Amino acid sequence: MTVRAVADSSVGRVDGMKTLAKSEFETLIDGLIDDDPRSVVGPQRRSGQYVFEELDSAADLALEYDLTALSPKKYLLPQYEQLLTYERTDGEYEMHAGTDTEGVIIVGVHPYDLAAIEHLDKVHIDTMGDEPYRKRREDSLLIGLTMQSVAPESFAASMGAATTDSGYDLLVTDIGDRFVVDIGSFEGNELLADLDTHSASHSEVQEVRRIEDDLRGRFERELQFPPEELPTLLAEHYDDMEFWESYAEQCLSCGSCNMVCPTCYCFQVETVRDLGGDSGYQQRSWDGCLLEEFASVAQGENFREEVAQRHRHRFMRKGLYVYERYGDVSCVGCGRCTRHCVADVADPTDVYNDLWEATNA
Amino acid sequence: MTERPRVAFFDFTGCEGDQLQVVNLEERLFDLVEVVEVVSFREAMSEHSDDYEIAFIEGSVVTAHDEERLAGIRENADVVVALGSCAAFGGINAIRNDQDFETVTERVYGDDADMIEANPEARPIESVVEVDATIPGCPIDREEFVQVVTGLIRGVEPTLPNHPVCVECKLEENECAFHRDEICLGPVTRGGCGADCVGEGTHCWGCRGMVDTPSEDAYTAVLEEHGLDAEEIVEQYQLYWGWQRPERATQEEAQ
Amino acid sequence: MLETTETVRSEYEPVQGRIAWIEQFTDQDKLYVISLPDDVELDHDPGQFVELFVPGVGEAPFSISSSPTKDGPLELCIRAVGNVTRALDSMEGGDPLGIRGPYGTGFDPEALAGDDLLFVAGGIGLAPLRSMINYALDRSGEFGDLTTLYGCKEPAEQLFPEELQRWDDSEEMAFYETVDQCPEDQTWEGREGVITELIPEAEFDPETTTALVCGPPVMYRFVIESLQEQGLADDHIYLSLERNMHCGRGLCGHCQINELYVCVDGPVFNYPEVRDKSEAEV
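Residue numbers (my numbering), protein chains in the order written: chain Y, 60 to 420; chain R, 3 to 257; chain F, 111 to 392.
Simulated from the structure, these hints should not be mistaken for lab results.
Quantities reported herein were computed from a predicted structural model and do not represent experimental measurements.
Positions of the beta carbon are idealized from the N, C-alpha and C atoms, including for glycine.
Treat the hints with care, as some may be off.
Said to hold, decoys possible - One side of the interface only, derived from the structure: several residues of chain R facing chain Y at Cβ under 8 Å:
hint : residue
1    : 30
2    : 111
3    : 189
4    : 223
Please take these sequences and the hints and turn them into a complete structure.
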């Protein structure tokens, strides 16, 4: 199944770029906030960190952000969502899967998060089929943003996700006094229709290229080898329990790395009952493979009882298992797991580089 | 369980804040009494009956009289639910468990200390009677209470979440208390509270008890990293876990 | 933005089925016969599973025990060990519940055509195998010799007693049965001992035989070893594995064995597919 709208060839990368004044961009966003029935969300500053939140005004956008607490995945696959409601009347159950899911206009998405959403699309729309995700995703607009700041924990350049030429409706790059916008879809093009834009000049396009090239060199962390080598490297070290245990000893098994990951999509479903009557709903919420009971079954057996097994599973999943199923290494190098790990053992560059050194020493 | 089970609330040593949470269901209280018949609830009504199926017990056990009374309730009830952290695992009362009992009573009661007849340790109700379900928290979470009640009616054995508070902090996008240079018990504390305390700008105090298998060594290393010495680390654990933590250690050793 | 297609029914919405009747086998195990709405065709392969939803309690995966060769209601043999199964245990004929599926990769009768089939069922592992056993009995012309080995802990844990008797009497299939042990308060005239002891006794030609195995996690290693000792090649062994197939759709992650999703790639695996996966524990 092909689901991605193929961009018209006339809105290709180079000749499709437009330039607009920053004030025009604000006009666009404020217009959407006022007129579009969908929520308009973007990165904002909130108590010590950046988060994607609903926008009251384009002026609240913190486009200088380096990394948000959670990725915009939360708008497509929410932390908590009703999968099914049930109600019993006269001995019959009415069971309805939610159909009121709504799309969102997400402003200011960095390329690594766009890459993560492309991967989630592949899993939830192209391959397995998840109706709540599909509906939200297809009703949503993604306005990407070339990174202005680089988080010290990030290594997106190593994962090829510091820049991107796909996965957005619009991609905005700040070139100083104005924005250059790349159009990624028909809907993206429509957004610009009423704005004062002009085709980007050769030098403006060159400036975007320069910013992108420069950006790739600004990362403090990096993978010491091409990510294509990850699957093989991990397969080689699967049985190296001493290695996995050395990390697991310091691991709190708290699941934070799973929760903040833009490509994690494991979930659990539980019943929430109404207090009055035989009714309620099935609630889906994010789950994490680092958590103790993730691989246990009703009879009590836990197939990943040891922290080291769970720790290994996480890294295997990111670099090997998902690759074997979908052809993607499912780490985009955002650095969120590193930032949020209280015990400081979640950094993929630490783990993967250590493995690489062990093999190539 | 009958269609509309008869329910009683009892308080032992505690602040009655958990029963207050039940009263605080406000308009949902009307829904509650549609599905259960409350026959005893000192905080909310004057009637009392000893004919009940579900007993909700708040507070910890601190006297010989508590033990007798608790055994009587167990006898009457089909289902016993520990309501709140004191009943569930000793809670804040157990803060005195590792201190000299006489010193404690003198400090609290001064010249009247002699009049206090209590056990040297505050204990959860499970140390005296069998407990069928637990709703931890200081105070309890109202929604969790509703789910336990509706579950019991529906024949569902209530299970406690076994993920640490960190999970909910991440889902709520709270700034990590450690990032604010605060000490937080979240990584080893049972979640299910929505991480409200961290969300409100403070840290997790451990009120829902420890997760089933806390990574204590890894956590101790984190605390040391944040400048705590051994004594200060134990102090962190002592606020709510004065009974639970040593008990866990004993059980682990036995295994 | 992606192309919008018309709204389709969510994969997570079950259809309402109804318990037609219940047959009690043991203290813990019952057969639930569930009728589905007239316009719903389950159309399953032997070895596939469904997600069963008890409103107000939750959802859980169960292997289908009935054979697709038989028209009629869906049959699930279920042991009361969790909240969903305990809730089922208190339900009666006529009670409604939700069903979605079938899910997973089951046995492939076409791939097995012409083979002698050796079924090895331990305890509740008989539930998923029964679907394929009855399929093979109903279409015995498509397969070679049929043999079933069944072992449970004690006589009181025996499932499908009447059917086992028919299998024992049948000319179409050789049937061997054992119990691990017979406690003093029960009677048992059959053999005692673990199921692996039946394997060398059963007569089968390793060249032409395919073994289909399902049982508790601890059983697999011993059964596989014993089958190998009898000369069975690894790719002549199929295993039906059980994990927490929470969503049934290859997404929630709970049933993963290394990169495999039991709910999609399994629950039936050819042994070489899982032989080197340490999390398969086989």
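Hint-by-hint comparison with the structure:
1. 30: holds (6 Å)
2. 111: Because about 41 Å separates residue 111/R from the closest Cβ in chain Y, which is outside the 8 Å limit, the hint is violated.
3. 189: Holds, about 4 Å.
4. 223: Where the cut-off is 8 Å and the nearest Cβ of chain Y is about 6 Å from residue 223/R, the hint holds.
Hint 2 from the list above is the single one not met by this structure.
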